[in-house]
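Novice: Chains as they are written, first to last, in our numbering: chain A, 1 to 214; chain B, 1 to 214; chain C, 1 to 214; chain D, 1 to 214.
One or more hints might be untrue.
Said to hold, decoys possible - A short, non-exhaustive set of chain C residues, derived as facing chain D with CB atoms under 8 Å:
1. L9
2. E53
3. L63
4. A145
5. L199
6. W200
In short, the hints are calculated from the structure, not lab data.
Even for Gly, the Cβ is constructed at its ideal location relative to N, Cα and C.
Number of protein chains: 4
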Amino acid sequence: MTQQFPPFLIEGYRNFMSGRYATESQRYRKLADEGQKPTTMVIACCDSRAAPETIFDAGPGQLFVLRNVANLVPPFGPDAAYHGTSSAIEFAIIHLKVENIVVMGHGRCGGIAGALATAAGHAPEGAFIGKWLTMIEEVAGKVEANSLLTSSEQQTALERIVIRQSIGNLMTFPFVKERVEAGALSLHGAWFDISSGELWTMNGESGDFMRPEL
Amino acid sequence: MTQQFPPFLIEGYRNFMSGRYATESQRYRKLADEGQKPTTMVIACCDSRAAPETIFDAGPGQLFVLRNVANLVPPFGPDAAYHGTSSAIEFAIIHLKVENIVVMGHGRCGGIAGALATAAGHAPEGAFIGKWLTMIEEVAGKVEANSLLTSSEQQTALERIVIRQSIGNLMTFPFVKERVEAGALSLHGAWFDISSGELWTMNGESGDFMRPEL
Amino acid sequence: MTQQFPPFLIEGYRNFMSGRYATESQRYRKLADEGQKPTTMVIACCDSRAAPETIFDAGPGQLFVLRNVANLVPPFGPDAAYHGTSSAIEFAIIHLKVENIVVMGHGRCGGIAGALATAAGHAPEGAFIGKWLTMIEEVAGKVEANSLLTSSEQQTALERIVIRQSIGNLMTFPFVKERVEAGALSLHGAWFDISSGELWTMNGESGDFMRPEL
Amino acid sequence: MTQQFPPFLIEGYRNFMSGRYATESQRYRKLADEGQKPTTMVIACCDSRAAPETIFDAGPGQLFVLRNVANLVPPFGPDAAYHGTSSAIEFAIIHLKVENIVVMGHGRCGGIAGALATAAGHAPEGAFIGKWLTMIEEVAGKVEANSLLTSSEQQTALERIVIRQSIGNLMTFPFVKERVEAGALSLHGAWFDISSGELWTMNGESGDFMRPEL
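Using the sequences plus the hints, can you model the full thing?
Specialist: Structure follows, in structure tokens:
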């Protein structure tokens, strides 16, 4: 633990200070004094290629962001265990009173690939990740069983199915359901194609993913 | 759920496409083809004012990012429950073979404030968040009991103590400890001051936070 | 006692005469003729790295400066003993009618370190200094007992607590309290970071130290 | 206590940061890392017109400075009371191992004037200052009784007598006497004329004050 702080991070921080921070110092100071008031929570993947702030060109104070492997939302189930994802959702809804929750998946997701591999009998190494992916093992099994789809098509299909499942699970949280029904909160899906840079947004009625009008 | 996708996100995405993506499309294409190979995992808070990619001016492929409330790492404890944080750590270490893990906290953290409020007898609303913060209730209680510190000083002290605790908990993961001892992985702490934009990095020996030479 | 006057002081004095004095001789002459009328008293530490005139770039006549080990103000307690600090405060208030008193502490203070060492069972050598530091032994003991803080964090915390204590003790002097309540005198805290050169000023309401807008 | 920090101090600090600190930041950083190692202690008056760092053009780390009213050193007398001056002397000798102690007085000293006024039956207001000046009441009485001297000559005479008395009292401290006799410490006197800017240094043999060769 006596290692030097990674130099590329110090270099990047220097760019931040001379760049974004230099031009937005008043905004940071205001956000510090008045507290954060983001209107939107994003539930995204840890993947290094799909940072929400980058894809949505978001500035400080705009997005409250929960990131876990494969952007999964477990079903509502308070018990004696720690629930990092549910805690963040609760905090965003009850304390920050966000108006939007966006579940954002992406192409080439390692977690999704792991779930398909598990369904095919080749579970990735790791006890935690194995247990974590059981949340989507049922849908992964169904997709993997469909041999009409290429493996690449299976991957994209499961990525989108998982976004729909996460949104469905969000509705099992009483405090989410209540606010959605009262019109105070809306739930959205998005899928990012790392290769082409394309963003696809989900139609809330049909669950289809389409490229939005720009 | 038939709401329009938040227009400010579409607007931001449009900026991304004409800006960063336009100049880095080759990099995105390469990252899609070859897969992500980040050298560094960042464990950060969901706070909208402290996105790691922004603070470290990081591009696509650089940072594998787990974000939860108050950047907490639970102690190693595989069981029947879902472990989002532990899963991401396991994925980063075993599958991505990252060389650095940075636990980044920040000033004015709502989760830390909640832990101090709980210690003072005013627990914030919410069952999940309440349970989640029990991970730091012992240290929060000790800090809150020190009435010589102002409430703001208690907050900063606990933010830094929690970073040290998260790093300590990382070392309870056998696959982390083994790699750290083999020199293949190093653990770092960082604390970001939202108001001033200052980054403080942790000295691995003493645990102190200091401003790095820029 | 027949030693030569330290040559570096003669050299420095020569610089003073050809520099500051040469350009400000009228000011010195006026200050000699009319007497001093400083608006501000500074209570600071003897430390060679934290001279108030240097840090505040103050010219002749501006600051009435009391310096002792660790910038301590004892509680009001007139008795048969000599009270150097209380005498200076009394002189500044009653005779000079200063409008501000600034208690200025600093990082890496040897007196504060001595108080923490004493609390840890390693009192520094010296009967006078030992007795002097009993003024802060209670707060030093509380800070030292908090093992969640690194020793460097304990040091900074105690430095700031001691500034607050000194200001609190100032208010036990009837002639201070009366003038503060009448709006004729204000009390301030400041903390100087030797390493970075940063000045932090105390918020009179909360007691927090913050970097002032420059 | 909710007053604004005195603006002229913030302004002065800004000058310090853009001036001295900007050109000496390495020195400050080094002094912070390695600790202070001043070779010289100065015992001076609180007077706003006679700051040692200014008169000796001293930089950070050079002078360990005790300032009280009229630069008095009480005779050695450890007891149950707080001794700010003796503590600073002890700290300088035992912990910092300084090689020189300079007692610096100055013209138009308010404390010296107060002692002469007391001897003439017009004691200045203030219980602490009254007690403090009893340290020099005997010599003040003798000077005041000499009606052959003008009041201005009495003032200068007492200022210099008090410097000699302070140096004499220093020699009553066993740890001072021992080091002086061992050649490890030397004691010096100096007197600063505020009006003309002249520095007079004391001859250790005769006690006379003379202007040094520049």
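Novice: Each of the hints needs a verdict: does it hold here or not?
Specialist: We went through each hint and held it up to the structure:
1. About 5 Å separates the beta-carbon of L9 (chain C) from the nearest beta-carbon of chain D, less than 8 Å, and the hint is met.
2. The criterion of a C-beta within 8 Å of any C-beta in chain D is met by E53 (chain C), whose closest approach is roughly 4 Å, and the hint holds.
3. At a threshold of 8 Å, the smallest CB-CB gap from L63 (chain C) to chain D is about 5 Å, leaving the interface hint in force.
4. Taking 8 Å as the C-beta cut-off, the interface hint given for A145 (chain C) is violated, the closest approach to chain D being about 24 Å.
5. The closest approach between the C-beta of L199 (chain C) and any C-beta of chain D is roughly 5 Å, which is under the 8 Å cut-off, so the hint is satisfied.
6. Hint on W200 (chain C) is violated. Least Cβ distance to chain D is approximately 10 Å, over the 8 Å limit.
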